[in-house]
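Asker: Those protein sequence lines, which keep their order, are chains A and B.
Throughout the first sequence, residue numbering follows my numbering, covering 317 to 522 in sequence.
Throughout the second sequence, residue numbering follows my numbering, covering 3 to 124 in sequence.
Be careful, since some hints might not be right.
For lysine to any residue, the following SDA-like pairs were computed, each having C-alpha atoms within a straight-line distance of at most 20 Å [what the hints assert, rightly or not]: (1) B/K95 - A/E343; (2) A/K344 - B/R109; (3) A/K344 - B/A93; (4) A/K344 - B/L97; (5) B/K95 - A/V346; (6) A/K344 - B/S99; (7) B/K95 - A/V342; (8) A/K344 - B/F30; (9) A/K344 - B/E47; (10) A/K344 - B/I107; (11) A/K344 - B/A105; (12) A/K344 - B/K95; (13) B/K95 - A/R348; (14) B/K95 - B/R57; (15) A/K344 - B/E101; (16) A/K344 - B/E94; (17) B/K95 - A/E395.
What the hints contain is simulated information worked out from the structure, not anything from laboratory work.
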Amino acid sequence: MSDHAHDDPITRRDALRAEALESILVEKGVVRPEVIDAIVRRYEQDIGPMNGAKAIARAWTDPAYRQRLLVDAWRAIAELGVPTGPEIAPLVVVENTAAVHNVVVCTLCSCYPGSLLGLPPSWYKSPSYRARVVREPRTVLREMGLEVPPRVEIRVWDSSAEVRYMVLPERPAGSEGWPEERLAALVTRDAMIGVARPEPARLAHG
Amino acid sequence: MADAPPGGAALDWNGPSAPPRRNGELVFETLWESRLFGATMALHEAGLFAWDEFRDRLIAEISSFERAHGARDEGFRYYACWLAAFERLAAEKGLCSAEDLEARIARLRSRPPGHDHERSTP
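Produce the complete structure using the sequences and hints provided.
Answerer: Next comes the structure, spelled out in structure tokens:
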């Protein structure tokens with residue numbers, strides 16, 4: 317995967333357009349720069365994968381909560397008191413089991429439960445992921461480092477304006493007895509998209 | 003949140019089931035992308051447009067980008083589509099006309115070299 321140069325002429329042109337647009341909106345009093353700063357910070361930091369991860373960790377430790385999360389996801393997430401963003405569409409949480417692995421895509425654009433998972437990773441927005449994960453999910457997941465055994469069915473969920481999806485991964489072996497907070501730290505954004513598994517090994521060094 | 007920074011929780015994750023190479027990276031490739039994102043959200047949160055209005059335009063821009071360039075990763079520029087969508091919406095909502103925008107761009111472009119990336123922080 318190659319990074320495009322940040323100072324190529326097209327990017328510079330876009331940077332200038334974006335700057336001009338912001339300066340006009342600020343000048344007109346439509347938006348204040350501090351508000352933009354605060355929102356970017358909120359999405360980058362406060363509304364990160366941790367919001368979704370908290371719900372997953374709770375579901376791993378509390379069967380009743382798990383049920384609520386699967387039945388009415390937003391209500392269950394509201395119970396946690398986490399801040400959520402403006403782009404709230406109906407949310408469906410799909411659970412991974414020994415027989416089924418779920419993976420989420422938005423074939424149309426890049427619909428995504430941002431207030432739970434933070435901003436979408438760049439590959440999620442790529443035309444190739446959006447097209448290929450539907451046709452050949454097993455191959456795409458393997459390329460991304462996730463081997464799904466042949467006996468496990470892969471279900472691909474196409475997010476849209478009408479409904480967003482989040483994956484409830486399987487609780488990893490070796491995490492028995494862990495407190496919720498420690499469990500939540502295992503749950504990455506990618507695990508909640510369905511392109512990775514939570515791994516206890518991740519915390520071995522921390 | 004102390005033991006796992008949101009958004010960067012997977013940064014140190016190297017292992018057999020390592021996530022995509024770009025997982026955990028900074029989500030914005032450049033400063034303007036994050037400013038643009040923040041401005042869009044700010045206007046939406048201020049009630050200046052419904053999210054669907056923006057999303058529809060974003061979808062249209064992405065489709066048109068893909069028609070023009072083919073659905074390939076290489077060269078796909080998500081935030082360029084976002085920018086085009088936001089420009090259109092801002093113009094349609096009377097927040098910033100295309101003429102005003104072009105005039106401002108011309109003015110910014112006439113700054114001395116080196117100033118185009120300048121952004122002072124308070």
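Asker: Hint by hint, say whether it matches the structure.
Answerer: Now the hints, each set against the structure:
1. B/K95 - A/E343: Distance ~16 Å between B/K95 and A/E343 Cα, so the pair holds.
2. A/K344 - B/R109: holds, 17 Å
3. A/K344 - B/A93: holds, 13 Å
4. A/K344 - B/L97: holds, 8 Å
5. B/K95 - A/V346: holds, 12 Å
6. A/K344 - B/S99: holds, 12 Å
7. B/K95 - A/V342: holds, 15 Å
8. A/K344 - B/F30: Violated, at about 26 Å.
9. A/K344 - B/E47: holds, 17 Å
10. A/K344 - B/I107: holds, 16 Å
11. A/K344 - B/A105: holds, 15 Å
12. A/K344 - B/K95: The given pair, whose Cα atoms are some 13 Å apart, holds under the 20 Å limit.
13. B/K95 - A/R348: Status holds; Cα separation ~18 Å.
14. B/K95 - B/R57: holds, 15 Å
15. A/K344 - B/E101: Answer holds: A/K344 to B/E101 is near 15 Å, not above 20 Å.
16. A/K344 - B/E94: OK: A/K344 and B/E94 at ~16 Å, within 20 Å.
17. B/K95 - A/E395: violated, 37 Å
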